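*Asks:* The chain contents come next:
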Amino acid sequence: MRLLLNGNEAAAHAARLARVEVLASYPITPAAPVMEKITQFIAEGSMKCNFVRVESDHSAMAAALGAAMAGARSFLITNSQGLAYMSEVLYHTSGLRQPVVMAVVNRALAAPHSRFPEHGDVVAQETCGWVQLFCENNQEVLDSLIQAFRLGEDEGVRLPVMVNYEGYIQSHTRETVDVPEQEAIDNFLPLVRRPVLDVNNPLAVNTVTGPELYMDYKYHQDAALQHAGEVLEEVSGAYARITGRDWGGAVSGYRLEDADIVLVAMGSLVSTARLAVDDLRAAGEKAGLLKIRLFRPFPAAAVRESLQAARAIIALDKNIVYGAGGALARELRAGLYGFPAAPVYSYILGLGGRDVGVEDLAGIYRQVSEQLGSGTAPAPYQWYGL
Amino acid sequence: MAVKELPVVPSARPGTMAAGAAMERIRERRPVFEKQKCNLCRECLFYCPDAALAVDQGEVRVDLRFCKGCGICAVECPVRAITMVPEYAGNRGFIEK
Amino acid sequence: MELIKTLAEVPEDELFTGGHGGCRGCGAALAVRQAMKVLGPRTIINIPASCMATIGGSGLTTAWKVPFYHSLFECAPAVASGIRAALDIQGIKDVNVVSWAGDAGTADIGFQSLTGAAERQENIIHVCYDNETYMNTGGQAGSVTPYQAITPDTPAGKPTPRKDMLAIMAAHHPPYLATASVAYPLDLMQKFQKAMAIQGFRYIHILAPCFRGWGIREDQTVQLARMAVECGLWQLYEEVDGRRRVTVVPERRIPVREYLRLQGRFKNMDEAAIQDLQDEVDRRFREVQS
Chain A
1 MRLLLNGNEA AAHAARLARV EVLASYPITP AAPVMEKITQ FIAEGSMKCN FVRVESDHSA
61 MAAALGAAMA GARSFLITNS QGLAYMSEVL YHTSGLRQPV VMAVVNRALA APHSRFPEHG
121 DVVAQETCGW VQLFCENNQE VLDSLIQAFR LGEDEGVRLP VMVNYEGYIQ SHTRETVDVP
181 EQEAIDNFLP LVRRPVLDVN NPLAVNTVTG PELYMDYKYH QDAALQHAGE VLEEVSGAYA
241 RITGRDWGGA VSGYRLEDAD IVLVAMGSLV STARLAVDDL RAAGEKAGLL KIRLFRPFPA
301 AAVRESLQAA RAIIALDKNI VYGAGGALAR ELRAGLYGFP AAPVYSYILG LGGRDVGVED
361 LAGIYRQVSE QLGSGTAPAP YQWYGL
Chain B
1 MAVKELPVVP SARPGTMAAG AAMERIRERR PVFEKQKCNL CRECLFYCPD AALAVDQGEV
61 RVDLRFCKGC GICAVECPVR AITMVPEYAG NRGFIEK
Chain C
1 MELIKTLAEV PEDELFTGGH GGCRGCGAAL AVRQAMKVLG PRTIINIPAS CMATIGGSGL
61 TTAWKVPFYH SLFECAPAVA SGIRAALDIQ GIKDVNVVSW AGDAGTADIG FQSLTGAAER
121 QENIIHVCYD NETYMNTGGQ AGSVTPYQAI TPDTPAGKPT PRKDMLAIMA AHHPPYLATA
181 SVAYPLDLMQ KFQKAMAIQG FRYIHILAPC FRGWGIREDQ TVQLARMAVE CGLWQLYEEV
241 DGRRRVTVVP ERRIPVREYL RLQGRFKNMD EAAIQDLQDE VDRRFREVQS
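Chains as they are written, first to last, in the working numbering: chain A, 1 to 386; chain B, 1 to 97; chain C, 1 to 290.
Hints should not be assumed to be uniformly reliable.
Taking CB as the label site, the calculated pair distances span [stated by the list, open to error]:
| id | chain 1 | residue 1 | chain 2 | residue 2 | range |
| --- | --- | --- | --- | --- | --- |
| 1 | C | T115 | A | L213 | 35 to 41 Å |
| 2 | A | H227 | B | Q57 | 54 to 60 Å |
| 3 | A | P27 | B | V3 | 41 to 47 Å |
| 4 | A | E233 | C | D94 | 50 to 56 Å |
It is worth saying that the hints were derived from the structure and are not from the lab.
Owing to the predicted nature of the structure, the values given are computational and were not obtained by experimental measurement.
Ideal Cβ positions, reconstructed from N, Cα and C, are used throughout, including at glycine.
Generate coordinates for the entire structure from the input sequences, incorporating the hints supplied.
*Replies:* Quick look at the structure:
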């Protein structure tokens with residue numbers, strides 16, 4: 001069924017199709033319409049789900065975690081300040097290996113106060129141990145959220161998953177979205193129950209853990225997160241078989257085959273960059289695009305393979321790690337270290353909702369092309385669009 | 001060194017602390033019961049923070065794996081049937097076996 | 001519901017076993033032991049940062065025989081809300097969902113999630129085990145630490161009085177609210193029995209002394225808990241749908257001075273302050289007992 005949906009509505013439909021059992025969320029702009037839509041689904045009887053009307057974002061994450069530990073499929077939404085406020089519970093959720101799924105409707109962190117999109121909120125949580133997926137359009141929001149449950153609940157993964165899409169650019173912009181049939185999703189996503197708080201099998205969870213065990217737990221957790229990258233390929237493939245839509249696992253390339261200079265982006269910038277590549281190609285440039293769909297675990301091997309023939313790489317970061325640069329650029333440089341690949345030109349752009357259009361990306365491409373031609377080494381990072 | 005096999009969810013199985021209890025390592029005194037005085041009111045059982053006391057075959061018995069020697073039972077016994085006696089003798093803290 | 005009338009009727013099963021890591025004479029562990037006797041095996045308990053969250057589990061060992069989660073400091077009632085939502089959707093009934101916090105996890109850092117869960121009338125039991133200080137971090141003062149109590153961060157005595165958590169919780173109109181004391185186990189266990197028989201948000205506040213924080217001997221935990229009741233500072237009552245009933249009238253009344261003078265933490269309290277407190281206690285005692 002094809003519907004005209006904004007990103008938030010697509011997310012709500014994904015929760016409905018995934019048969020989410022517990023929603024615990026606290027309103028925050030611009031994510032709140034997701035919970036409103038889900039509570040509407042519950043009220044009209046098209047969804048069987050308990051909504052916990054918590055008093056804060058911190059409690060939302062805590063209740064979602066409690067629900068998952070008691071065996072229910074658990075979902076929530078947030079962004080920016082709410083995500084920052086949840087931070088310590090994010091670590092509990094991954095450390096306790098609970099497959100909660102969260103839609104993060106990316107928005108800038110204050111101060112100064114902003115309600116507009118960028119990736120600073122999720123980048124601030126890059127070490128929290130969740131799988132982190134980024135979506136370029138509303139169809140991908142719906143598809144990735146459904147895939148997120150299967151990925152997180154996979155026996156070898158058992159980790160929480162964040163699905164990121166940007167405030168307003170995606171959350172409040174309508175696009176045609178194909179909504180799969182319930183039966184197809186039920187087959188793709190059978191209900192898995194692994195209650196850890198179970199009166200029939202009592203366990204004491206999160207006991208005080210000393211140096212003799214803590215590090216081993218963390219080894220297993222990191223290994224499971226790394227494994228999630230492999231499982232995503234399998235999950236994306238299975239999803240493609242039922243819907244015909246293949247989002248390509250961790251990364252996907254566009255016109256990469258003979259590309260000299262490759263733009264690398266996450267989120268809504270990917271769609272913009274695709275158009276820029278088309279324009280550049282039409283102008284005779286050997287431009288390409290690498291879409292990063294999976295930010296955690298970072299798919300370093302897939303990135304190396306995709307970029308091995310490039311002469312220069314342009315990292316487009318809608319975030320700033322103060323004093324260090326763009327999060328994506330940092331990952332690319334680390335992932336490509338020791339490979340004779342290309343220099344990484346790092347651009348910080350689009351913060352706090354500042355618009356980035358096709359012509360901006362084409363302009364950045366030309367800047368890099370010139371620098372490459374003149375043999376200018378890339379700066380650690382540069383700000384674009386001030 | 002090999003990585004340890006652990007539960008996926010960091011957790012412990014029930015009864016495991018009781019199984020490894022060895023409070024003689026920290027106990028400085030232990031309760032001694034005068035059976036003749038005890039009226040089996042059971043108050044001491046419910047004032048013991050360590051689940052060390054139980055009525056067994058008509059008398060209160062102390063499980064010395066659990067007893068830390070706090071002495072609440074001796075203070076609370078309404079008929080003064082419990083006395084705390086030192087686990088060690090002498091001023092150098094020698095532990096009696 | 002058949003209320004337990006004598007200690008001999010209480011189940012022998014220990015759902016919080018010996019071998020735990022509490023100090024000698026631990027009032028917190030004592031409160032849990034007494035309550036677990038009646039809460040029984042069909043209970044899921046979560047305890048936020050506190051002594052009680054840590055002493056029952058170390059690495060791969062635990063003293064708990066019911067499902068237990070050591071939750072984060074400020075969110076035990078929210079975790080419990082999520083657990084209840086999950087059980088309900090799975091059709092799992094007859095399970096007590098309990099958030100069990102110290103005075104910090106209840107009245108201070110945990111208060112936001114507590115007031116949220118209480119207002120939503122979540123079907124959970126929240127227990128505050130109150131030792132009147134932050135004992136897990138060394139005994140610093142919190143909002144329910146008494147006036148003039150000496151703590152590591154109020155070395156001259158706490159300059160402000162104790163916050164009235166019972167009044168605050170009563171303002172949420174819970175179907176069941178009670179005070180309890182580790183010195184009155186039968187009363188405490190009966191209150192848990194009554195709470196379990198009621199649906200909705202239930203609040204039980206237990207005074208559970210800590211010998212280290214109070215400056216008493218380790219064998220005086222129960223004695224001081226009882227004296228708190230006898231002097232009238234801690235009155236034992238319950239409120240069912242807001243109707244108060246005193247459950248224990250102390251057999252003897254003692255002056256608050258007698259209670260205070262046994263505790264090292266009140267050694268700086270002068271006679272005038274003690275008299276003021278006595279007047280306040282007498283007024284409050286008449287108000288509650290009437």
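*Asks:* Look at each hint and say if it fits the structure.
*Replies:* Status of the hints after comparison with the structure:
Hint check: C/T115 to A/L213, Cβ distance near 36 Å, so the stated range 35 to 41 Å holds. Checked against the hint of 54 to 60 Å, the pair A/H227 and B/Q57 passes, with Cβ atoms roughly 56 Å apart. Between A/P27 and B/V3 the beta carbon distance is about 43 Å. The supplied range of 41 to 47 Å therefore holds. A beta carbon spacing of about 44 Å between A/E233 and C/D94 contradicts the range 50 to 56 Å that was offered as a hint.
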